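A.B. asks: Sequence:
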Amino acid sequence: AKPVLLGITKASLQTRSFISAASFQETTRVLTDAAVNGKVDTLEGLKENVIVGRLIPAGTGGMLRRLRKEAAKRDDLIAKEKAKFDAEKALAAPAEGGGALR
Numbered sequence: 523a524k525p526v527l528l529g530i531t532k533a534s535l536q537t538r539s540f541i542s543a544a545s546f547q548e549t550t551r552v553l554t555d556a557a558v559n560g561k562v563d564t565l566e567g568l569k570e571n572v573i574v575g576r577l578i579p580a581g582t583g584g585m586l587r588r589l590r591k592e593a594a595k596r597d598d599l600i601a602k603e604k605a606k607f608d609a610e611k612a613l614a615a616p617a618e619g620g621g622a623l624r
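523 is the number of the first residue of the sequence shown in the working numbering; add one for each residue after it.
Derived from the structure by calculation, the hints contain no laboratory data.
A quick note: this is a predicted structure, and the numbers were derived from the prediction, not measured.
The beta carbon of each residue, even a glycine, is placed where N, CA and C say it ideally should be.
Hints should not be assumed to be uniformly reliable.
[Claimed, not checked] Restricting the straight-line Cα-Cα distance to at most 25 Å, the calculated cross-link-like pairs of lysine-lysine (DSS-like) are:
#, residue 1, residue 2
1, Lys591, Lys606
2, Lys606, Lys595
3, Lys591, Lys611
4, Lys602, Lys591
5, Lys561, Lys604
6, Lys591, Lys569
7, Lys561, Lys606
[To be verified] Computed beta-carbon distance windows for the label pairs:
#, residue 1, residue 2, range
8, Ala523, Ala615, 15 to 25 Å
9, Lys569, Phe607, 41 to 51 Å
10, Glu566, Leu599, 53 to 63 Å
11, Ala612, Val572, 45 to 55 Å
12, Glu592, Lys569, 16 to 26 Å
13, Glu566, Leu613, 21 to 31 Å
14, Gly575, Ala615, 49 to 59 Å
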């Protein structure tokens, strides 16, 4: 990637976070564009987290975020394993009953 020199206004509007971009300049245009295009701000940077009043992703806030992310991954894995187990159990249940209809 080749470095490009941008002015401060242009650089601030080039961010992935529309909340961060809207806080600098052209607020109405940036927010309208985000709404029309159904954009989702993942709140990964410092500026957008300060704007919405959340812990910043640094220091304690960064550690809590990483822990929550890891916990969510583990929860998903447990849910998938449980669903797999339940499906296998459901398939095995008719064989155990002798196949008789009631």
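A.B. asks: Against the structure, test the hints numbered earlier, and report the numbers of the ones violated in rising order.
C.D. replies: 3, 5, 7, 8, 10, 13
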